[in-house]
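Kindly produce the complete structure, drawing on both the sequences and the hints.
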Amino acid sequence: SQTIHQWPATLVQPVGSPLSLECTVEGTSNPNLYWYRQAAGRGLQLLFYSVGIGQISSEVPQNLSASRPQDRQFILSSKKLLLSDSGFYLCAWSIVRGAGIYGYTFGSGTRLTVV
Amino acid sequence: DQQVKQNSPSLSVQEGRISILNCDYTNSMFDYFLWYKKYPAEGPTFLISISSIKDKNEDGRFTVFLNKSAKHLSLHIVPSQPGDSAVYFCAASAIYSNTGKLIFGQGTTLQVKP
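Protein chains in written order, with our numbering: chain A, -15 to 99; chain B, 10 to 123.
If you are wondering where the hints come from, they were derived from the structure by calculation, not from laboratory data. We put the CB at the ideal spot given by N, CA and C, even for glycine. Just so you know, not all the hints are guaranteed correct.
Claimed, not checked - For the chain A half of the interface with chain B, some residues (derived, Cβ under 7 Å), not all of them:
#	residue
1	L28
2	L30
3	Y33
4	V35
5	S42
6	V44
7	G71
8	L74
9	S78
10	V80
11	F90
As structure tokens, this is what we get:
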């Protein structure tokens, strides 16, 4: 069975510090990978997605970047955090096949507070 | 540009009654729709999905209806239980793109009262 791991669960970082959040998927090959953010009181916003190693697409202009160094590893980074980067970050994976999307399972999330 | 909209931020129903959560979309290229349930500080969990080739999909107490002409979908929960209390998100995707990326609505907080 497939599992997705995301860490850390919570993080408090000062403004201007770097960020690295990691996500790994087990039990599947060549998944699509995604980073979402849920800001306080708001819906889920897609930040980045990747359809393969080294392939990153950005959905919104922002202070963050993403990388996919291995097939089942997805990393969200920032060189200098802003207060507005605070939020709940979620990683997800899927397989698109035929007329359906399979999997689309989310990790447990990282609560990032920038102070 | 909010392509997926859940216009009701909250909904309160009595245990045992029907809960109806609504969702509208604007992009006619969307052809796959999903509903997720989310508790605070947790990742969303998948509930049910529907392809645009169908107008109804049922799974236990959960039924999703799709009206393509109106660009509207709804989630029915019957009977509602207190454990159903959570935030519900609808999401849409365009399968043809092969990216699988989902566009989410803002969510509706459902409270089921005992």
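Hints, one by one, checked against the model:
no., hint, in the structure
1, L28, "4 Å, holds"
2, L30, "6 Å, holds"
3, Y33, "5 Å, holds"
4, V35, "6 Å, holds"
5, S42, "12 Å, violated"
6, V44, "12 Å, violated"
7, G71, "12 Å, violated"
8, L74, "5 Å, holds"
9, S78, "4 Å, holds"
10, V80, "4 Å, holds"
11, F90, "3 Å, holds"
This entry does not satisfy hints 5, 6, 7, going by the numbered hints stated previously.
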